[in-house]
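Since each chain sits alone in its own frame, please combine them into the complex, following the hints.
The listed protein sequences derive, respectively, from chains A and B. Number 247 in numbering that gives the first Met the number 0 belongs to position 248 of the first sequence; there are no gaps in the numbering. Number 44 in numbering that gives the first Met the number 0 belongs to position 45 of the second sequence; there are no gaps in the numbering.
Don't read these hints as lab results, they were simulated from the structure. Since this is a predicted model, take the numbers as computed values, not measurements. No residue lacks a Cβ here, since even glycine has one placed at the ideal position from N, Cα and C. Possibly wrong hints are sitting among the right ones.
Stated by the list, open to error - Negatives, chain B to chain A, calculated, CB over 12 Å:
1) Ile8
2) Arg15
3) Pro33
4) Pro99
5) Lys123
6) Arg124
7) Lys126
8) Glu228
As the list claims (entries may be wrong) - Result set (DSS-like, lysine-lysine): computed pairs, CA atoms no more than 27 Å apart in a straight line:
9) Lys372(A) with Lys123(B)
10) Lys7(A) with Lys209(B)
11) Lys115(B) with Lys15(A)
12) Lys7(A) with Lys213(B)
13) Lys372(A) with Lys82(B)
14) Lys97(A) with Lys7(A)
Read off the chains here:
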Amino acid sequence: MAIYLSFKEIWRNRTKYFLFSLVIALISVLVLFTAGLGEGLATNNKEYLEKLDAQLLVFQTDVSFSTIESRLDYKKYKRARRIDGIADAGPIAFSNVKVVVKQDEEPVDVSFIGVEPDRPGAPKAIFGTDLRSYPSKIALIDQSTADLIGAQVGDKITIKSTQGTEDKLYDLTVTGIAGGQRYFFRPSIFVSLSTWDKYRPKADPDSYSTQPVLNVIAVKAKNSTNLSYLESAITNIIDDVEVTDIQTAYESAPGYSEQQGTLNTIKGFTFLIGTLVIGGFFQIQILQKLPQIGMLKAIGAPNRLVSATAISQIVIVSLFGVIIGTLATFALAATLPSNVPVYFTTSSVAVTIVTLLLIGPAGGMLSIRMAHKVEPLTALDM
Amino acid sequence: MDRYILNTIDLSKTYRSNELVVHAVSKVSLQVKPGEFIALVGPSGSGKTTMLAMLATLLESTSGHIYIDGEPFDDMNQKQRAKFRREKIGFTFQDNNLVPYLTAIENVELMLRLNKIYSTSEAKRAKDLLLRLGLDEQINSLPSQMSKGQQQRVAIARSLIHDPRVVLADEPTASLDTQRAKQVVQIFSDLIHEEKRAGIMVTHDLRMCKYVDKVIQMVDGSINRIIDEPADIDVLAGTSEFDKLSTPALL
Ligand SMILES: Nc1ncnc2c1ncn2[C@@H]1O[C@H](COP(=O)(O)OP(=O)(O)OP(=O)(O)O)[C@@H](O)[C@H]1O
Ligand SMILES: [Mg+2]
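In isolation and in its complexed conformation, chain B is listed as follows (with noise of 0.2 Å):
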């Protein structure tokens, strides 16, 4: 087996409309081992967003490849890349995560459902997850009636209850005030490396990188820098280094 869960070789995407072309990520080759939590950080616009998408088969590359447990996904149909997504990816959106007419915990057994795994043990799992994500109260609630952090902890909870190789998740903290971040992002850093599962968030806030185990930062689509001792971050702060690091937004 392959040391590497995910393991890109110059990934590429260009847009290309009209007579303008946007090379949204170019020749990005990143590693990531079982177990390891990555924070991909950067200014607007320089990929990262395209970079998930690529990796979660959302999006085509331009050129480049992707191996997931050393198997490339290249040529895969709309449907293999449906059931790919299903069972190897688990996916936490900015935000409208949750279908609405479902509650807590039906959102989260919606990914057993799909996998066709659901059962009453897994359907327990299911409920510790949310307990375990400090949603004792919500099991039962619907989205509508639950606050922007409790519906991205349900998020974070479907992302892994189906038991994926790939934890993605793209500004899964964007809503949140800082201390409810930090405590998603500790509870979903401690899921991943339990299961030794590959995760890989994309954040604004660098303050939520001490969580990982490395954080990679973007500029204009390639990585213009990886710091593999993410607690040194915090050594930056105030520096024009970190802001360097991060974009204007929330800081």
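Only chain A is shown next, with the shape it has when bound in the complex (with noise of 0.2 Å):
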């Protein structure tokens, strides 16, 4: 009966209604882009440290985990690796080159990152093969990189790196492309150890060595559930250092939870938002059907139907806006050049979505409940 009220009452007034279905869209487009560019900035960020196979990293002491300000001992690596409960250790070094995308194009910074073939920081190839020591002029890119550059495996690649006061290019061949594994907004390219040490930028081009000063250590656990008893077996054995997981490593990334905190904070207002005009147009709404609602409950209709019929009016109307809203969220979505980061996860999508729906009735409330108190005897005009 109350759907049925609904319905018609909408039906006969659609062109009201679908405009302002239209109205909670937009919100709901707005909701989910901030939603889709919070999550797309975040996997930029930490999508390389969130792929690891570990379960811990290893910095040194007083560096608020830093991964780029973290500097450690190549012989802390080879300590790690024998302490007991480590299943795999494996070493990773950070820092920045530029790729040549074209000729006579300005080149693109990416992450080059020196990692040890096989153990834990090195990715997978879901092209070609894995990383090897040797030869040594070979790469292992991202998913980002290759479509960045157009390269495939087998390819030569050119990077740019400063030596001392010197920009130098190295050609390195495409032996493998990983999935998305971008570190800090940049694609990456990753190689053996000795061949970062070589070809990074630093301000002595003579000085490099196979077993170089690491940023990082990435710890495979053998038992993963007991994670502090071999946090505080590490920072025991090995002298300055400290140990975290690996969700606290990115999100003490400079900026990292900020940025989060920001999109939040947007998102939150939206919401917000959604909430007022919702529930401003409801209690319109009402406010103009007092009289009619005061005659319906004369003639017998009960409370219950009068505010059920508001409960799933507000319902239907949202459920309608969100879904186009969605719908138009994901055709946009297709339209952005890959590059925009803005990505649209199942969970995150749904909790938007289950959030949105809920901000309706939440808005409609007031208007419920003034609904619910109309007295009858206002059809009389008493």
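Structural data, given as structure tokens:
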């Protein structure tokens, strides 16, 4: 009965309700895009770390888990590998180089990451082969680098790196391509540690080693259920190190939490605005309908029916708006260039949609209360 | 069974706001037999609407009793009152009678749906009733597409379709021209007589009284006079007696 009444009313005032659904749709687009942007930016930031085949990261002490500030002696990595409870450990060294995209075009910044083949930190190839130690001039690139420069397995890529005061160009052969492994907003190129130390930008071009200073050590535990025990074991055995889980590590990246916080604030405010807009709209609807509601009650419509009609109307209109908004968001996202960091994960979209569907009734609460309180006597103009 | 459908005993309603006390209805006892159609007349403020509101359980009385078919209804909660209204009462208001987003037929069927007795045969009855009220063309019209008079006729159909015991109407013809008003009251009267319901209509227009069985005049919240032969009213027309019965409005 409530559904009957709300459908009849929406249908006979379809232009008005359709336009309002579009407002809800726009709010949905805004919220979904903000969520997608948050997800996209976060992914760009953390993708490499998140996909590591490891549970813990070892840092130098007192650098607030900053991967670029942390410096670890190669010996510390060797020692780490012998600690009881560690299944495997891998050294990771970060740097930045430019990669030549096309002749006569500005080279693009990429993360240049030194790892040890077949150890935690070295990504698995989805095309070609995993990284090997020999020959030296080979690289595993991630999918975003491959997309950027249009490189395939077997192609040569040219990186540009500053050695002392000079810009040098080096050629590397792509032997494999990994999935998305962006790190710190940049596409990534993976090489062995010795290649890394040789080609990374540095002040003294002649000082490089096969056992260079690292940034962090990725640790894969034998038993991932008791990590705190392993954490303290590592800090006890190795001097001047701090250990953390992967999530804390990428959340500690400079700007990460500020960025996510800003986007969450925007999202929160959009939800709030949505609640107020929907609440306001339905309140005006109810205000216009007070005599009619009084009449319905006077001819014996139970209060429950009046409230249920009001609620179902809000739900129908919000649902319609959110569906249009979601479809519009995906249609729009499909037209975006791939380097725009807007990603949609099923869970974040689901959470957003459910929240959007809840703000309707939340915003409409007041109007439902108003409908509930109308006296049937108003039908008699008394 | 009681010989009256509707019976009130010393029914009173007193409004109190701050110092002000208004005896809107005081000690009214009136009886309506099955198939009896009564007109409630009287000057503005004499308590006619207040009377109807109490009979329809829209307003609680201050004292006195109301019996419908011999059953008192004193202690009903909000939910029971709503149920009572949709089952036992048919009400036509002065205006704002119809749900604006439902067509004429849907507005009448609304009463069936509220009572959960909607069926194709009942819907057929609703349609027949509208036809009888001369609304052939308006069956599927929205209220906004109908004249005031057509809307009132739809409201009258709605007040009768669910077979109520008591039919109440507060100035149902106020917005109609005399010719239209007479037709509507005539049909209304027929439908009350045929089905042996109890009907009470508040009106300011004494010319409507020749279709009722009894005219009750209220003054200052009490019954002032009962005219058992409303046909006589026409005889009174133009006299000062007539003017006293009625109000300045419309005449
Ligand atoms: N809610 C209220 N509070 C206080 N007094 C009221 C209230 N409703 C009605 N009254 C008073 O009760 C008296 C009877 O009012 P009522 O509306 O029943 O008269 P009526 O006969 O229907 O008049 P009219 O012909 O103008 O419709 C009036 O004096 C009115 O001012
Ligand atoms: Mg009145």
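Going through the hints against the structure:
Look at Ile8(B): its CB is around 23 Å from the nearest CB on chain A, clear of 12 Å, so calling it non-interface holds up. The claim that Arg15(B) is not at the interface with chain A holds, since no C-beta of that chain comes within 12 Å of its own (minimum 15 Å). The Cβ of Pro33(B) lies farther than 12 Å from every Cβ of chain A, with a closest approach of about 22 Å, so its non-interface assignment holds. A Cβ of chain A approaches the Cβ of Pro99(B) within 12 Å, the least distance being about 7 Å, so the stated non-interface status is violated.
At roughly 19 Å, the least C-beta separation between Lys123(B) and chain A is larger than 12 Å, which holds for a residue marked as non-interface. At roughly 18 Å from the closest C-beta of chain A, the C-beta of Arg124(B) stays outside 12 Å, upholding its exclusion from the interface. Residue placement check: Lys126(B) keeps its beta carbon more than 12 Å from all beta carbons of chain A (closest about 18 Å). With a least beta-carbon separation of about 30 Å from chain A, Glu228(B) lies farther than 12 Å from that chain, consistent with its non-interface assignment.
In summary, the hint linking Lys372(A) to Lys123(B) is not supported, as the alpha carbons are separated by about 35 Å, beyond the 27 Å threshold. For the given pair, Lys7(A) sits about 40 Å from Lys209(B) by alpha-carbon distance, which is inconsistent with the 27 Å threshold. Pair hint Lys115(B) plus Lys15(A) does not hold up; C-alpha atoms about 31 Å apart against a cutoff of 27 Å. For a cut-off of 27 Å, the pair hint linking Lys7(A) to Lys213(B) is broken: about 42 Å separates their Cα positions.
Taken as a hint, the Lys372(A) and Lys82(B) pair is honoured in the structure, with Cα atoms around 18 Å apart against an allowance of 27 Å. This hinted pair does not check out: Lys97(A) and Lys7(A) have alpha carbons roughly 63 Å apart, beyond 27 Å.
Checked against the numbered hints given earlier, this structure breaks hints 4, 9, 10, 11, 12, 14; the rest are met.
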